[in-house]
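Asks: Turn these sequences into a full structure, and let the hints steer you where they fit.
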Amino acid sequence: MTEFLPPALILIVAAFLIGPTRGVLRHAVILGAPLITLWAIWQVPNGVVTTVQFLDYTIEPVEGSELRRWFATIFGLMTFVGGLYAFRQAKWYELAAGFAYAAGAIGVCFAGDLITLFLFWEFMALFSTVIVWSGGTAAARAAGIRYAIMHLLGGIVLKVGIEGVVVHTGSIDIQPMLATNIDTWLILIGILINAAAPPVSAWLADAYPESSPTGSVFLSAYTTKTAVLALILLFPGEPVLIGVGLYMIMYGIIYALLENDARRILAYSIVNQVGFMVCAVGIGSQMAINGAAAHAFAHIIYKALLFMSAGVVIYRTGKSKCTDLGGLFRTMPITTICGIIGALSISSFPLTSGFTTKTMISTAATDEGMLLVYFLLTAASAGVFLHAGIKFPWFVFFQKDSGMRPKDAPWNMSAAMIIFSALCIFMGVYPESFYGYLPYDVNFEPYKAGKVLFYLQLLLFSGLAFFLFLPLMKRTLTISLDFDWFWRVFLYRAGKLAVEVGTEFRDAFGHRWRRVSSAYVDKLRYYFGQSGMDNRRGMFASAWPIGATALWIAVLLSTYIVVHYL
Amino acid sequence: MNQNQDDHWLVRPASIRLLWKLFWAVLAITVALQIFIEVKGYFGVDGWIGFGAAFGFGSCVAMVIVAKGLGYLLKRDQNYYRAEADDD
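Residue numbers (the working numbering), protein chains in the order written: chain A, 3 to 568; chain B, 249 to 336.
Careful: at least some of the hints might be erroneous.
Claimed, not checked - The calculated lysine-lysine pairs, modelled on PhoX-like cross-linking and capped at a C-alpha distance of 20 Å, are:
id, chain 1, residue 1, chain 2, residue 2
1, A, LYS323, B, LYS316
2, B, LYS288, A, LYS453
3, B, LYS316, A, LYS476
4, A, LYS476, A, LYS323
5, A, LYS409, A, LYS321
6, A, LYS323, B, LYS323
7, B, LYS288, A, LYS450
8, B, LYS323, A, LYS476
9, A, LYS525, A, LYS321
10, A, LYS321, A, LYS402
11, A, LYS402, A, LYS476
12, A, LYS323, A, LYS409
13, A, LYS323, A, LYS402
Unchecked claim - Covered, in the sense of this in silico footprint (three residues per stretch, anywhere, with C-beta under 8 Å from a C-beta of chain A), are these stretches of chain B:
id, region
14, 271–277
15, 286–295
16, 298–305
17, 323–329
Because the hints were derived from the structure by calculation, they are not lab data. On a predicted model such as this, the values are computed, not experimentally measured, just so you know. The beta-carbon is built from N, C-alpha and C at its ideal position, and this holds for glycine as well.
Replies: Encoded structure:
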């Protein structure tokens, strides 16, 4: 009830201002609003701050906690650096949509009840679709429609689940639950759809790479990580999530290995990384939740960094396929180095942010004595280096000489990449600087000589495997089928078949049907339309004299009176 | 494609050979260091000498081969979905 600014509102206002403003003023809005938002995020105290009465419910649009501020901070930071990266190159409507999208994500962070959460959830779905469409190509339009269908469907599932919980428990509070009945299962499924969990993981790698070079930077950050936050708030320790997370981890690696498009490789590796977080939420211990939150923070930074370096390459060369790229390190040193720093971070190399955050998750698995989970996570860490850590920079910047000699990144894109690169290293070198902001007390020491050595062996020998098996990973001009084949091809063909059968049926029985139907149409026309030789109006279509009308009304009314007294 | 003498240092065959030698040396050192630095095994086996190296290498080879195998099943021409839509 204090007078203060809801952080999400600042970005919504900014999103409105980006359109009408011009020149310096617009730049000031794009670069200033995220900073004010960050300030506002840190003004939110713990606990429910504002309440609004809506119908019978007490809505809590802003509720603070360490965890919520932590996620909101990285979303705010992402908006600032993303804005810096994009403000001179992106179209204004893409930037406006990006800010509204970020506002939705920050709104979810502070949502104190399920209704607010749902509203901001849909807000994100709408504006992220606009970003996909801003890609401007026919493929982007089609992918945007598929993306919107998937997210609106997910939204409906979530909404039905929320309504079920509200009806059966009478509470709209956001509190930890387990998937024990149909309501909570629907909420869980609705959230997992946004986390790109199986079997719908394909929406992510389908839509993100079709957006513009700047758009994919925004897209990479918010949707899946708000889903992780929602999972932490609602389903900590839900055992199903361990399996779902491990599946996502392996799925991301395998599909990224098969992929030819540079941004699609990165998109698959989002699924892989979110899998680590989902798995951590499933483990559910304090260490695991800390790990999920810390890893989400670090992940947004290095994943945006990777998408930025890929974005610069596409911006400068117009190409995104590994088969077309290669040898760009000669003329793009800044982009190459920043891309490599992002790649090392995602691979959790010692001295990068990935090492100080991801190893929390595997330590949590060992603390809980989960042998299989630990070994799968470790194998996956090796696999991340394989599919993202080396494959991405190798095929884009080194490999063969593509003959292209593009210029390096424009100054604002370079600045954005350098800020995020510095953060990747800072978080890797000074982990104690951010451990204090995590939701639980951190009792974790990232750098132990034995552990560093273990990870160096693991990663360097993964690198050896990459270069020895390079011939097996020759890029081909292909895409890989996914579960979305069932609705993009199977259902499409089934629909077409149904139409064909229907046509056959009509041709076979059509003449009989037409005879019956035309008799009805003639009757309708006789009473309601104009028909006949003199184009006479039907009984209900023609104008009646006033006297006749008055007479009929009198008859009706008197009949009514008689019937009433009978 | 590296015939040009004036091409970048990184892509000359001589420097690539040198990089490989350095890489092998670093690999050997990371395993050898385990004689001096104890790696705490959480489940016993992961504390063995060179376990990280073997596990990393082995799981990557397995993933590459699984991906290759699945590729035969899942890979389609890059215009696959477009061709489907243009079919009618």
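Asks: Which of the numbered hints are not met once you compare them with the structure shown?
Replies: Of the numbered hints, just 9 does not hold.
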